[in-house]
Each structure stands twice: as C-alpha cells, then as structure tokens.
Amino acid sequence: MADTVARLAGTARARAAAPARRRRASWQDRLAGVIMTGPALLVFIAMFIIPMLLAVVLSFTDWNGYSLRFDFIGFENYADAFKNPRTVDAAVFTSIIAVIGTVLCNGIGLAVASLIAGNSRGNTVLRTVFFYPYIISALIIGFLWSAMLAPQGAVNSLLAQFGMAPLPFLTDMTFAKASVILTIVWSHFGFNMILYLAGIKSVPTEYYEAATVDGASRWQQFRNVTLPLIAPVLTVNLVLTLVGLLKAYDIVLALTDGGPAASTQTIVYQILKDSFAQARLGFGAAQSVVLLIVTAAIGLAVTFARRGADRKASES
Amino acid sequence: MTISTQTTSPNIAAEMLLTEPAELPRRRFGRRPRRGGPAAARTPLAVSIVKWVLLGALALVMLVPLYILVISAFKPQADIILHPLAITPDMFTFEYLGNAITSEKFNVVGAYGITLLFVLLVNVFCIALSAPVAYVIARGRTKWHVVLLVVFVSGLFIPGQVTLIPVVFVLRVLGLINTIPGFLLFETAATLPVTIFLFAAYLRTVPRDIDEAAALDGAGRIRAFWSCIFPIMRPVVATIVVLNSIGVWNDFVSPQIILGPGSGIYTVTTGVYAAVGEFSTDYTVLFPTLLLAIAPAVVFFIIMQRHIIGGLVAGATKG
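Protein chains in written order, with this note's numbering: chain A, 1 to 316; chain B, 1 to 319.
Next up, chain B with everything else stripped away, as it sits in the complex (with noise of 0.2 Å):
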C-alpha cells in the first residue's frame, strides 16, 4: 500500500490523541494531583482501584474473545467445547488451519488477492474522481459550485443498504451485475462523499498562489492540480486510504448482493459467510477460517494504528 511510507499523522486530531509531546500541558496537569494539594484528596487510592478493576475488567471482556479465537484455531472440537481457555501441547494443531487454507469452499488466497485487489482499486478510483472535483468546489466562486458539494454531500446521508436495491436495477440495466466493473463502480461511488467533502475541505486550506505560480509557468488547470495540488493533499489522501480501505474489506452486503453467488467471485466476507454459514457449530472450520479472515486487518492496524485513528476521527467528525 501507498501509505506504508506515510510518516506524517494525517490530521491534528490524530497527533493529538496519540502522540505524547503535543499533550504535555495536560500531563502536567495530570500529574498535578499526585504530587499533592487539593485535587489529592478529592483521587484516594480506593476510587483509583476502582477504576483500574472497572477498566481491567472491561479489557478481559474485549481481549478474551480475540484469545478464543485465536488458540481455538489450533485444538479440536472436544477440546474447543471443554477447555475454551487452554491451549496445551497435546491438543495443538495445526490441521485444522491448513484444512481452512486449502478448503474447497472458501479459497483463503484467492479472496485476500480479490479483496485487496477491491481495496486498491476502489481506493484509486476514488481518489482519481474525488479530487479534481474538490478542487473545482474549493476553488469554484459561483453558486453552482455550492449546488454541486451540496449534491455530493447529500449522498452522506443515504445509507447505501437503501439505495441497494434500486442499484441492482441500474446494474441489470447496464449489464454490470455480477461483474467486477459493476462492484466497483457501485463501491467507488459510496466512498465519493465523504471524499469529495473531506478533500474540498483540505483543498480550502491551500493557498490560491500555488495555482497562480503553476498557471504563469503555463500549466494548464488540469495539469497544475495533478503536479502541484495533488501532492500537497498527501495528509487527507491517507485518511481517506484508511477509510476506503478498512470499509471495502469489511463490507459485506455489496460484495455479497451485486458479485451474487453466480458469480463465483468471493471477498474475504463474503468467502467467510459461504464457508461458515451452514457449518457454524463446526467450530474446527468456524475459528480458522475467521482467524484467515482476521488476520490481515489486525495486522493492518496494529501497523497503521496512528492513521486509521486518526483517520475515522477525521472522518466522522469532519463528515
């Protein structure tokens, strides 16, 4: 992916929740109380306990399922029904993992090639469509360039479970049902929104005298977006990647309604539901094929953590 090499946090919000010089004020001020005076009183050591016991509680509820999941990929049925919580030597396999990788019904490889292939070009396409146009938005001065965000944003609030089925419609219309052009197209155009919104809004940020000095070196309008704007938009490109990407590779229902079985194309959802769905009590398929499925987007966060935080917060509270 492109943005492996990011190094730049993709929005403020981002550095702020995670990095720990930005927060120094508030440190202080955090450790204000510790060394005494009247905030001390008010934090005895018992409401302390507490809250550590609340919070490591709460944290068993969310880690003990991910741990479930993942030893339960290596030990047989018996044991996954009596022992949830261990994992020992006589019982670990990995029999089970290779059956869910070679498995005839769900082709681990083939859907993680498929997938990411969506993945990326979802993410070109959008990027290739949504900016140029938020550029014209940002730069536009007539109302017309208000009409056209206010087009685009609209599509925020239309769930795209609704417009689904008419979308099928489209689709059989066009030929494009069942097809990968039809899927992307469908996919592309869901991501255009909040793109367009959040790239217009970046864009509004830029002075005009990078156009000007591109124009009097005799650019023309198009080419001067793509060789001097379009580089500068390197922060808010990445939180639109993570965006795509998590949501393409999660979703379900569009892969699952538009690329029907007849298709015989499988995403990672997708492939899951075929393979899981009627054996979900045969837990020696279950846990290795969603550990397969997992796999790739943990890792994907454990590495981007920063930006895919970043990211969604920008996202949601920018769109």
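Extracted from the complex, chain A is given alone in its bound form (with noise of 0.2 Å):
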C-alpha cells in the first residue's frame, strides 16, 4: 500500500513537475514582460493618467499654482468659463479658426493633392514648396508673418508700390481674425495635401482607365473614383485638422498676441494666461476639461459620422 501511495505521489510529483517545469518558464516570461512594460507604463501613468485625473480634481479648486496647498471651490470654475466672456469669445473665435481653417486647409490640399498627384520633376518640386511650412515651429511662422503684416510690414509696402492704401492686416479686429486664419491655412494645407497624395497614390489605375473607357471627365473621375475611394483619408484629415486647429496657440501667440483688444485669443491663449500669467490653474484646469471633452466629441462624431464612407471605401 505504501508502495501505491508513493507511485501515486509521484506520479502526482511528475504530473505536478511538468506543468510546474512550464509554468516557470512561463513565469520567467512574465517577469521579462513586466521588465519591458513596466517603465513605460510608469511614465505614462505618471504624465498621462495621473495628471488626466488631477486635471478632474484641480478643476474645482482655486490651486494657484504654486504652493501645493488649494481649496475647493465645486463648480465655481465651470460657471466662470461659461459666463466670463473673454471665454466665451476665445471659444468662439477658436471655433471659427476650427471650422474655417479646416474647411480651406482641406479644401486646398486635396485641389492641390488632385492637381500635381503626377510624378513629373515640377510636380516634385511644387510638393516640397507647398509642404515646407508644416516643418517650421508655428511660433517662427507666426513672427514671419507678423512681420509681414505689420502697418510697415512686407505686405503693405507692396500695396504701396502698387498705389494701394496700406492695410490694417494685424490692428482690425476682423482683418486681424482673418490674418491668423490665413496664416494658419498657409502653413497647414501643405500637410494636408500630402495625405491627399497618398491616398491618391494608392487608388488603383485600373479604375481610371475603366472610367476613361466609359467617358467619364476628368471631373467625374475624380467626384466618381477618387474622392469615394479616399474617404477614409479625407476622415482623418478632417479629424486631425480640426481636433488640430482647437488648440491654436503658437501662431496667435507670435503673430497677434490675442489682439487687438483681445480678439484673436484663442482657448488655449485663454488657458494659459488664466493658469499662469494670472495663476488661476484651477480655472485652466476647468477650461481644459471642457476642451478635452469637446475635443475628444468632435473627434468621436466626426469619425462616426464618416463611418458609412469609409466601410464603402475598404469594400470596394
């Protein structure tokens, strides 16, 4: 009997041992993945997680920024947001910029994409000349054409030559949100262009010769091939450049300062002179929860709105 009981046992020995042989080295396996994880999760708690939450916390405190010490105030911030109106001028001004800029980046950069997609050496060389801007910091962009537009600037002293009365570029109110709007566009589309290009690139010839075949111009080619076929491209344009151009800042920042009289502050302008140059964090906090939220929606609708054109675009 005893005999039976240590064959048993070590039969359950070896069953146990073989498992146990597998089950170490998968742990060994482990202990590599938690090595090769663990850093970068650290990180990324540390200065994305944490901070996401703390943002929730300090939105309805009045943290100044300094001392580590704050109270709560509820909901005191969001109410202020909604009311002040500086806020709601740089929201609405920064919805604007959003809109209109990504309306004519867009629109430029698949016109442009559609008309040099062809590899010729002028085409080449147009790409690079439209494209280089989008390397260039926004804050030296900004400072260009600030420069340019100045009363003095590049501009005006052209329409002189011209005999034009100078224009009030960066001193109008209206001329002044049309300028950041412009510049933004002429340093953006470029960008925009070459994903056009690239989802151009990747419609099969094919399909265009079939469609010379049957008559189709130019134009319904492209209304009738191309744009159905890149839909998935056009969606994350459209969503990159408006979630983009929400958080406008540099270029306001260098080319008008948020004026005149505050009429080109845009809410990142406005969440970052509340937080620091007047020491409100808490009130940035808020005002950049609500921008988050309104961010991360206008991404979510944009790209389910685009749903439809898209699975058409991958089943074709």
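Heads up, some of the hints might be wrong.
Stated by the list, open to error - The following residues of chain B were derived to be distant from chain A, with all beta-carbon distances above 12 Å:
1. 98
2. 107
3. 110
4. 114
5. 120
6. 213
Claimed, not checked - With a Cα cut of at most 25 Å, we get these calculated PhoX-like pairs of lysine-lysine:
7. 177/A - 247/A
8. 273/A - 83/A
9. 247/A - 83/A
10. 105/B - 273/A
11. 177/A - 83/A
12. 201/A - 51/B
As the list claims (entries may be wrong) - Over 10 Å on every C-beta distance to chain A, these chain B residues come out as not near it, computed from the model:
13. 95
14. 105
15. 218
16. 227
17. 232
18. 234
19. 265
Just so you know, these hints were derived from the structure itself, not from any lab.
Small disclaimer: the values here were computed from a predicted structure and weren't measured.
From the three backbone atoms N, C-alpha and C, an ideal C-beta is built for every residue, glycine too.
Grab the two chains, each in its own frame, and use the hints to assemble them into the complex.
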C-alpha cells in the first residue's frame, strides 16, 4: 500500500512537475514582460493618467500653481468659464478657426493634391514648396507673418508700390481674425495635401482606365472614383485638422498676441494665460477639461459620421 | 543623427509618394491624354495654362515669405521696410546676423545644443521605453495585452496642452519642475502613444519564427528582443525618429511652461520668443533670429525630405 501511495505521489509529483517546469518558464517570461512594460507604463501613468485625473480634481479648486495647497470651490470654475465673456469669445473664435481652417486646409490641400498627383519633376518640387512650412515651428511662422503683415510690413509696402492704401491686417479686429486663420492655412494645408497625395496614389490605376473607357471627364473621375476611394484619408484629415486647430496657440501668440482688444485669443491662449500669467490653474484646468471633452466629442462625431463612407471605400 | 545613414524609405507611402519607378503605371496613364485619344480633348491648353498659373501663384505665396525672411536678415531696418523684395550689394550686411549670433538675449549656439540634446535624449528614451512594450503587446495573446494597448493608445486623444497644467502639479510634487529631467519626462511621455502604436503594428508583421529561433539559441526574452527583433525595426524606428525630432524641435508650449524663465534653459523656440517677443518691430533683430532658428530645420528637411514626408504620412494615417 505504501508502495501505491508512493507511486501515486510520484506520478502526482511528476504530473505537477511537468506543468511546473512550463509554468516556471512562463513565469520567467512574465517577469521579462513586466520588466519590458513596467518603465513605459510608469512614465505613462505619471504623465498621462494621473494628470488626467488631477485635471478633473484641480478644476474644482482655486490652486494657484505655486503652493501645494488649495481649497475646493465646487463648480465655480466651470460656471465662470461659461459666464466669462473672454472665455466665451475665445471659444467662439477658436470654433471659427477650426471650422474655416479645416474647410480651407482640406479644400486647398485636396485640390492641389489632385492637380500635382503625377510624378513629373515639377510636381515633386511643388510638393516641397507647399509642404515646407509644416516643419517650421508655428511660433516662428507667427513671427514671420507678424512682420510681413505689420503696418510697415512687406505686404503693405508692396501694396503701396501698387498705389494701394495700407490695410490694417493686425490692427483691425476682423482683419486680424482673418490674418490668423489665413496664416494657419498657409502653414498647414501642405500637410493635408501630402496625406491626400498618399491616398490618391493608393487608388488602383485600372479604375481610372475603366472610367476613361466609359467616357468619364476628369471631374467625373475625381468625383466618382477618387473621392469615394480616399474616404478614409478624408476622415483622417478632417479629424486631425479640426482637433489640431482647436489647440491653436503658438501662431496666435506670435502673430497677434491675442490682440487687438483680445479679439484673436483662442481657448488654449486663454487657458495658459489664466493658468500662468494670472496664476489661476484651477480655472485653467476647468477650461482644459471642457476642451478635452469637446475635442474628444468632435473627433468621435466626425469619425462616426464618416463611418459609412469609410466602409464603402474599404469594400470596393 | 543615426538616421542620416538610412537608405531605406520608412514606408511604402513614402516610396509611392516620391519614387518614380513605383509610379510607372500611373505615369503611363498620365501620358495617355498627351498621346491623343478621348482624354486629350478634355484637357485643352487653356485649362492647362490656368492650372499652372494657379499653382505658380500659390507657389509664390509660399516662397515669397521665406525669401523675404532670408534676405531681410542681411538688410538694415529702413531697407527692410522700403524695399521688402530687393537686396543690393550696398544694403547687404552681416552686421545684424552677427549681432543675433552674439546676442545676450538669445544664445543661439547654446539653444541649438540644448534643443539637439533634447531631441536626441527624447528619441533614445522614447525608443528604449516603447519598443519592448510594443513587442510584448504584439506577441501577447491575453486580454491584458489588449488592455495595455488601449491604455497607451488612448493617449493619442489627449492633447498635450490639456494635461500640461496637472503635469506642472505632478512635476512640482516630484521636485522636477524647471529641471531638464522633468521636461524630458513629459516630452518622452508625450511621444509614447504614437510610438507604441506604430511599433506594435509593425511588430505584428514580423514573423514569430525569429523569436523562436532566438529562444532555441538560449536567449532570454529581453535579449532576444534587443538583439534579434529590434534591428529589424529600422524602418519604423526611422519614422518615429523623424516624428519625434520635428515635434521636439518645434515644441514651444512645453519647454516654455516646464522650463520656465526661472530655469534659465532656452530651447530654440523659447529662445526666439525671449529674444523677439518684446522687440518684434525691430526687424534687424527679428529676421536674423528667425533665420537662425529655422536654418537647421530647413537643412534637415532638405536632406531628410523623403523620410520626413513618409514618416508624417505613416504617423497620421496609421495613428
């Protein structure tokens, strides 16, 4: 009997040993997995997850940014954000930038992309010419155009040589708003163009050949072949531009510094000014949380609205 | 930079965008109208002329500001204002560029050095942190790996400006505000979502046989990754290096806030802001400073054009 027990125990031990060996190997694997993911996860938690949660917490406080002490003041910051005319004006102007900027960047980007899709030498040079501002810091673009559009700047100087009166590009509220939007479009549409080019080039040539055989005009080819097939690229472009322009800040800071009379302040300009210049980080955090929700909602809404077109493109 | 030795294109999109042989079918199609046939009637000379006039005008709008920026860096104030487009030998001078280089307010050499150092370190940290995680995610089969990916990728939808305020709080608690480690920590974290996403997508296409071969040779998982898998990732690493380098070089808000004026550390962008901000009507300061600030970026762009465009396309369409 003792024999049997020993044998059973032995088999049990043997049975246990086999998985144990495997488990030990996988335990080492798991340790390796933890070592490989741990540091990145820690950095991510410290700089993304905790700040995200903190943004919500701080938005209910009067934290000034310097001390580590603050009081909870309930929804006061949010109430202030929606009542404060400066914040409301900034939100309205930011929306105008996002909508008009997105339409212009994508309209010009797509039009230019379809005009220079061929691979001639000239087209390659033009692509570089249209794209290059994108790799220059937005702050520097802003300073460059602030010098060009100033009352004595190059543009007005050229207008004078043609006998025209100087225009108040940066000193009149409406002109300044247009200047901000056009400067953003100037520096950004090349990026949209590059994405559209990548999309247009992924359309199989046979489709165009078939369309030509059917007697479709260039416009009909663009409308009925290119456009439906690059639907996913269009979606990516719309989301990236909308979400990107909602964060417009550097260009505004350098071009108009929010002026004249605070007419070109954007929401991020407002957030950073309230947070740091005015030492109201709680208020800034509340506006950040609102911006985050709006950004996420717009991103999801556009992606959702374009789902049908995207699916059709991937089916064909 | 390590990537300057890269000869392979970062991805197919870049190839398609800029290499000619890949476009032969399309080129042939493009030529067909010129050879006659039905399409030729639809692109008459007039339309072609209108197209090139429009593109030419747009090209002028793009190039003239750059031209003015460059020539104005070598002209006195009065000539900049009176003759914005002209540059003649009698107005040409290196004086203002020299002043900008030796400016007390904006130490260009220092700013180049610091910014390059940041670009380099963020790239190294970003790749060292992201590549192993992406590998674990790409090879993992449990739901936890999916969760891990979703957590990291959710970072793509969080704009940096939104987290900046609480990040200041976190860094203050850690005692890292106004320090280079604090800035590097934030800037590296900001690159993680895109990097992990692109790396994981790329690693899914790398066959598992390589892992198994390495394991048979007795390499541990970590060693197997760094010595066998990582070298294969060169193209996607090049993409990420391009994205990070442009991002860090041009970033203004994060260094401005995290490395506040109290720290005395200026990157190219915060240095330009400090030097030009108050004097933006003194063009003899403005233009030379801007020229100095964009020169490295433009040179980098001209040399690395294909990688930059390809990298941006990959980053945008896959992310």
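For each hint, the structure was consulted:
no., hint, result
1, 98, "holds, 20 Å"
2, 107, "holds, 17 Å"
3, 110, "holds, 17 Å"
4, 114, "holds, 15 Å"
5, 120, "holds, 18 Å"
6, 213, "holds, 16 Å"
7, 177/A - 247/A, "holds, 16 Å"
8, 273/A - 83/A, "holds, 17 Å"
9, 247/A - 83/A, "holds, 21 Å"
10, 105/B - 273/A, "holds, 23 Å"
11, 177/A - 83/A, "holds, 23 Å"
12, 201/A - 51/B, "holds, 20 Å"
13, 95, "holds, 19 Å"
14, 105, "holds, 14 Å"
15, 218, "holds, 13 Å"
16, 227, "holds, 14 Å"
17, 232, "holds, 17 Å"
18, 234, "holds, 20 Å"
19, 265, "holds, 17 Å"
In this structure, every one of the numbered hints holds.
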